[in-house]
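Throughout the sequence shown, residue numbering follows the numbering used here, covering 1 to 322 in sequence.
Be aware that a few hints might be false.
Capping the alpha-carbon separation at 30 Å, the derived lysine-lysine pairs in DSS-like fashion look like this [unchecked claim]: (1) Lys102 x Lys82; (2) Lys113 x Lys132; (3) Lys102 x Lys25; (4) Lys4 x Lys115; (5) Lys41 x Lys83; (6) Lys316 x Lys82; (7) Lys269 x Lys132; (8) Lys19 x Lys83; (9) Lys265 x Lys138.
Rather than coming from a laboratory, the hints here were simulated on the basis of the structure. None of the values given here were measured: they were computed from a predicted structure.
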Amino acid sequence: MTIKFGIIGLGIISTRFAKVLNTVKDVELCSVASRDIERTKKFAKQFKAQKAAATYEEVINDPDVNVVYIGLTHNFHYEFAKKCLEAHKPVLCEKPFVTTQKQAIELVNLAKKNKTFLMEAMWTRCMPAYIKAQEWVKYGRIGQVKLITANFSYRTPYDPYNRIFNKETDGGSLFDVGIYPIDFAIGIAGGYPQSVTGSAQLAPNGVDEAAAFSMKFENGELANLACGFNVRAMEEAYIYGTQGRIILENCYGPQTCTLCDENGKTIEKFKKPVPDGFEYQIRHCADLLRAGKIESDLIPWEDTVASAAIFDALNKQWGINQ
């Protein structure tokens with residue numbers, strides 16, 4: 001069965017998604033839409049979409065579209081994910097899924113009620129190296145996990161009109177790149193942490209420009225995480241256990257992971273170079289739809305809701321209202 005994707009929002013992330021989608025077998029780009037019909041037509045031609053829709057709703061209500069990928073700015077994720085679910089249209093929503101726990105719970109409950117597929121496009125979870133690291137943890141290769149560290153920070157000039165800094169588009173480092181170390185820690189430790197504390201450096205317009213935060217999980221695991229737009233940080237992510245450690249080249253799209261003993265000696269190394277990385281989430285999404293599933297086993301709703309709850313906790317501490 002060929003899975004036909006629709007895309008709403010045709011920015012940088014959707015361009016990457018469409019480019020990779022065209023390389024994956026048994027999927028097609030059916031319909032696309034943006035706020036500018038001429039841009040939509042150009043995008044459709046470039047990526048061989050079957051239709052250039054005039055509105056987002058046209059894509060959502062198209063019976064030929066099997067699933068809608070939401071590549072809009074953060075502030076529109078909740079609104080259009082809800083429209084899709086109300087129309088019983090499967091949804092693959094770009095990260096961050098939404099910006100508050102209340103929104104996340106509402107959408108998950110709607111997906112359950114309407115028996116409609118819903119998945120956050122947290123592509124890192126589908127990467128083979130990340131899955132291998134989870135397996136090593138699961139089977140006790142490093143003993144009991146005690147500490148997780150990860151940082152996703154890069155340097156870019158402050159621009160209040162850029163979507164990553166813009167308040168109107170729910171900008172800020174937490175939503176844009178902080179989601180990666182947060183999701184990394186949740187995926188390893190599991191579930192919502194018992195405590196979340198952090199500090200942020202705010203940009204002139206009040207959005208978080210950089211942040212550092214710590215979490216403690218149910219089984220005692222600690223996580224020290226950071227994100228930001230004002231420094232270029234070391235990218236390696238670490239999982240420390242009582243009998244060893246796991247090193248991933250980064251927390252947002254690792255192609256390699258290394259299993260070491262507690263002295264740092266390499267025991268095993270896993271490496272799987274990939275052309276992009278998005279292909280794994282596209283295949284995973286398509287496979288779930290063919291199987292009639294409404295929830296991903298790699299990116300479960302529980303973890304998506306937990307990430308949103310962490311957003312709430314940190315933004316409250318920083319005096320940022322959502």
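- [ ] Return the numbers of the hints above that this structure violates; sort them in rising order.
- [x] 2, 3
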